[in-house]
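Student: Spelled out from the first residue to the last, the chains are:
2 protein chains.
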Amino acid sequence: MTVNHRLGPLFTDLYELTMAAGYFDRRLFDPATFSLFIRNYPSQRNYFVAAGLQDCLQELASLRFVEEDIAFLNQTGLFRAEFLSYLKQLQFSGDVYALPEGTIFFANEPILEITAPLIEAQIIETFLLNTIGFQALIASKSARCVHSASGRQLIDFSLRRTQGHDAGMKVARSTYIAGFTGTSNVLAGKEYGIPISGTMAHSYVQAFGSDFDAFTAYADTFPNNAVFLIDTFDTLKGASEAVKVALQMKKDGHSLLGVRLDSGDMNRLSRQVRHMLDEAGLKEVKIIASGGFDEVKIDEAVKGEAKIDAFGVGTSLGVSADAPFADIVYKMVRYGQRNVRKLSPGKETLGGDKQVFRLCSANGFYRQDMIGLRDETFNAALPLLESVMESGRTVRPHPSLEDIRLAFKTNFAGLSDIYKDLAASTFYPVEISPRLRKLQQTLVA
Amino acid sequence: MTVNHRLGPLFTDLYELTMAAGYFDRRLFDPATFSLFIRNYPSQRNYFVAAGLQDCLQELASLRFVEEDIAFLNQTGLFRAEFLSYLKQLQFSGDVYALPEGTIFFANEPILEITAPLIEAQIIETFLLNTIGFQALIASKSARCVHSASGRQLIDFSLRRTQGHDAGMKVARSTYIAGFTGTSNVLAGKEYGIPISGTMAHSYVQAFGSDFDAFTAYADTFPNNAVFLIDTFDTLKGASEAVKVALQMKKDGHSLLGVRLDSGDMNRLSRQVRHMLDEAGLKEVKIIASGGFDEVKIDEAVKGEAKIDAFGVGTSLGVSADAPFADIVYKMVRYGQRNVRKLSPGKETLGGDKQVFRLCSANGFYRQDMIGLRDETFNAALPLLESVMESGRTVRPHPSLEDIRLAFKTNFAGLSDIYKDLAASTFYPVEISPRLRKLQQTLVA
Numbered sequence: 075m076t077v078n079h080r081l082g083p084l085f086t087d088l089y090e091l092t093m094a095a096g097y098f099d100r101r102l103f104d105p106a107t108f109s110l111f112i113r114n115y116p117s118q119r120n121y122f123v124a125a126g127l128q129d130c131l132q133e134l135a136s137l138r139f140v141e142e143d144i145a146f147l148n149q150t151g152l153f154r155a156e157f158l159s160y161l162k163q164l165q166f167s168g169d170v171y172a173l174p175e176g177t178i179f180f181a182n183e184p185i186l187e188i189t190a191p192l193i194e195a196q197i198i199e200t201f202l203l204n205t206i207g208f209q210a211l212i213a214s215k216s217a218r219c220v221h222s223a224s225g226r227q228l229i230d231f232s233l234r235r236t237q238g239h240d241a242g243m244k245v246a247r248s249t250y251i252a253g254f255t256g257t258s259n260v261l262a263g264k265e266y267g268i269p270i271s272g273t274m275a276h277s278y279v280q281a282f283g284s285d286f287d288a289f290t291a292y293a294d295t296f297p298n299n300a301v302f303l304i305d306t307f308d309t310l311k312g313a314s315e316a317v318k319v320a321l322q323m324k325k326d327g328h329s330l331l332g333v334r335l336d337s338g339d340m341n342r343l344s345r346q347v348r349h350m351l352d353e354a355g356l357k358e359v360k361i362i363a364s365g366g367f368d369e370v371k372i373d374e375a376v377k378g379e380a381k382i383d384a385f386g387v388g389t390s391l392g393v394s395a396d397a398p399f400a401d402i403v404y405k406m407v408r409y410g411q412r413n414v415r416k417l418s419p420g421k422e423t424l425g426g427d428k429q430v431f432r433l434c435s436a437n438g439f440y441r442q443d444m445i446g447l448r449d450e451t452f453n454a455a456l457p458l459l460e461s462v463m464e465s466g467r468t469v470r471p472h473p474s475l476e477d478i479r480l481a482f483k484t485n486f487a488g489l490s491d492i493y494k495d496l497a498a499s500t501f502y503p504v505e506i507s508p509r510l511r512k513l514q515q516t517l518v519a
Numbered sequence: 075m076t077v078n079h080r081l082g083p084l085f086t087d088l089y090e091l092t093m094a095a096g097y098f099d100r101r102l103f104d105p106a107t108f109s110l111f112i113r114n115y116p117s118q119r120n121y122f123v124a125a126g127l128q129d130c131l132q133e134l135a136s137l138r139f140v141e142e143d144i145a146f147l148n149q150t151g152l153f154r155a156e157f158l159s160y161l162k163q164l165q166f167s168g169d170v171y172a173l174p175e176g177t178i179f180f181a182n183e184p185i186l187e188i189t190a191p192l193i194e195a196q197i198i199e200t201f202l203l204n205t206i207g208f209q210a211l212i213a214s215k216s217a218r219c220v221h222s223a224s225g226r227q228l229i230d231f232s233l234r235r236t237q238g239h240d241a242g243m244k245v246a247r248s249t250y251i252a253g254f255t256g257t258s259n260v261l262a263g264k265e266y267g268i269p270i271s272g273t274m275a276h277s278y279v280q281a282f283g284s285d286f287d288a289f290t291a292y293a294d295t296f297p298n299n300a301v302f303l304i305d306t307f308d309t310l311k312g313a314s315e316a317v318k319v320a321l322q323m324k325k326d327g328h329s330l331l332g333v334r335l336d337s338g339d340m341n342r343l344s345r346q347v348r349h350m351l352d353e354a355g356l357k358e359v360k361i362i363a364s365g366g367f368d369e370v371k372i373d374e375a376v377k378g379e380a381k382i383d384a385f386g387v388g389t390s391l392g393v394s395a396d397a398p399f400a401d402i403v404y405k406m407v408r409y410g411q412r413n414v415r416k417l418s419p420g421k422e423t424l425g426g427d428k429q430v431f432r433l434c435s436a437n438g439f440y441r442q443d444m445i446g447l448r449d450e451t452f453n454a455a456l457p458l459l460e461s462v463m464e465s466g467r468t469v470r471p472h473p474s475l476e477d478i479r480l481a482f483k484t485n486f487a488g489l490s491d492i493y494k495d496l497a498a499s500t501f502y503p504v505e506i507s508p509r510l511r512k513l514q515q516t517l518v519a
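First to last, the sequence lines map onto chains A and B.
The first sequence lines up with residues 75 to 519 when you count with the numbering used here.
The second sequence lines up with residues 75 to 519 when you count with the numbering used here.
Just so you know, these hints were derived from the structure itself, not from any lab.
All clues stand as given, with none of them false.
Sample of chain A residues with no beta-carbon within 10 Å of chain B, all distances over it, derived:
| id | residue |
| --- | --- |
| 1 | Arg-226 |
| 2 | Gly-253 |
| 3 | Leu-513 |
As a list, the in silico DSS-like pairs of lysine-lysine whose alpha-carbon atoms are at most 25 Å apart:
| id | chain 1 | residue 1 | chain 2 | residue 2 |
| --- | --- | --- | --- | --- |
| 4 | A | Lys-416 | B | Lys-318 |
| 5 | B | Lys-311 | A | Lys-416 |
| 6 | A | Lys-360 | A | Lys-377 |
Built from N, CA and C at the ideal position, the CB exists for glycine as well.
Sequences and hints are given; from them, build the entire structure.
Tutor: Spelled out as structure tokens, the structure:
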């Protein structure tokens, strides 16, 4: 009934299952470790924000091939009965280390490391990449918007343009983690408890035929929750009609929340509208702007001293338009006792079970990260990957969305402003520990 | 259990519901017509392919606010009890005109026109935009790939990088409509009957530790369905191991289907590998290439005479990376007896209920489209918008996916090659009929 339904193990590339059949025939059941990470930064990105873990853990905990899944696989004619019987009883029994949602991370750092019997670890690849990659991308772009907005409110308006339904839900959640104050997405309000926001579209004004009639009617229905959209015909004329209706609302003991600008030169118009509102004694009425905003345009508006109190951020955020995918991969780094790495040109991986260590300066800012072996320790360095699942069971309840949001806020405060520049020209230092580096050399040899 | 679940009417921007409450209070129940169209071409697009109608009709036919939807809306404190009671009994009772899935269309042409009581027509906006926009975008990019591939097979490999789960399903369906031959997405195979495809990843080779062992094991499990991935360590060495195993398979009465290249200089490597296979008497073994392909790289490979029989197309297709969103909108064009248009700068709309007419040349190619009034007729012009829903009921069963695929093929054949150039530099002529133009002038005045 909601978009948070069970996906099931057929949400996968076929090769995960054909490989599994191959492993099964050769009895390759030893535990393998796979590492999930983003190989490279998209242009204009120099950090990422972890998101999507909750979906992963829920799906792993309930991973089952149900009767109709098996029936479909059988019908393909590709698989032997013995293998299908094996799948029928399969559950995920592995261990998961993960960056908590809301954690700032960098290219090549493991977001997840999964150790499980080879087949179990393999068949979840497609699902994990899909689930983590998109949410981390959106949370990262949202963080850039939040930084640009410099304290002004941001609202997710992207639902109509996201790449499908599930994306719309994930965008609402990921933007909220990164500090947005709300979303227009009602279902996200219901499912995740995110504050919802929105008032009227141009069609509303058109249905009434004039700004004044539309605003008056709206104020009747929502005397304490009204934001008027003022650009259907002409923004400044719309603003003066909004002033009239707002003054009447005031007389009646109510208050207009705000006006919304959706087209034109926002810097100029917002200052003119602010002036009109202030002159009329309506200093409490906020100005909300929407229409084509992203982190760069928000930055321009803030630096251009636009009189905008809140931004509705839509399309370019909801699809991460400047970087619509992450170069996210899931690579085998150990099979049984044998650490492994891939050597394809430009696609090398770091073999071995790993940990990410974060070193902080005395002032609390992050100084450097170190990717090391899982069992290493470093003085005054925080290990970032946490054990979240053992033998297929989650080790603790997942934090609430509010707690994740708070964790992001704290985490983001530790990232120095030099890494938050929109041009993303400075890269945060991530080193490989001497022991991990040495291991790689033995794997090459 | 599947991703084709009921979404429900809360999958919407809040303002659709607040507007509805406003309309309700003023008893604005007259029928309205809304037009859904793409305002502008993304750069490097000059045509679109209609897709997503089936999802829309299914959702409209079952649109209901269930008990828990109403409870959530009540809990927001925004809505009066009388309005919530109204929503509780609401069903979609409108008429829908739509371009059949698989139809080629152009900017500003209505994809859907919906006439329904104002509230019903309004609250479905967000859902319709989300559902049609993404699928049309992917079908359009897929058509570009199919044109570039010039008869070679294309397989959707994008599932791991699509923007969420639902996107992964929609990409599989939309690419198949536009002529792809299969998908790696197993769930799309089950849900839509699309042929599924895939064999092994690098991790498979790594688990065995050598190309030869991995290929031999795979051939044991899939003696008649094997494609070997040959670039885990070194492509040419991998190819010579594949030859050894393929010759053994031949001796045993089986046949290797193909080898897959996933990195390096594909033009050069594919020719070298083709030569090695041919020399060994393995002319029947196909070469499949994957890794970063999109319509431009496919075109380069085809023009560069790469010896590639099939392309696996992933990330850049699955997120439509060069154009990750369409400028798709849903605008009121009539309320009651009054035709309406929006005049915001750069966002003008065409008022009135409309039809799209396609004029063909004697040789069967499309010559020109005409956007006219719904009740106009033109000699030898095909009206493209079909009545698909009347009073909330679908007028006929939706065509099968195979029929939609065939409709696309026929449709695409009618589009002259000058419009299929990847640079998208020539725009197909779309005119406004004299009567429709005249109507717009009366609406301005």
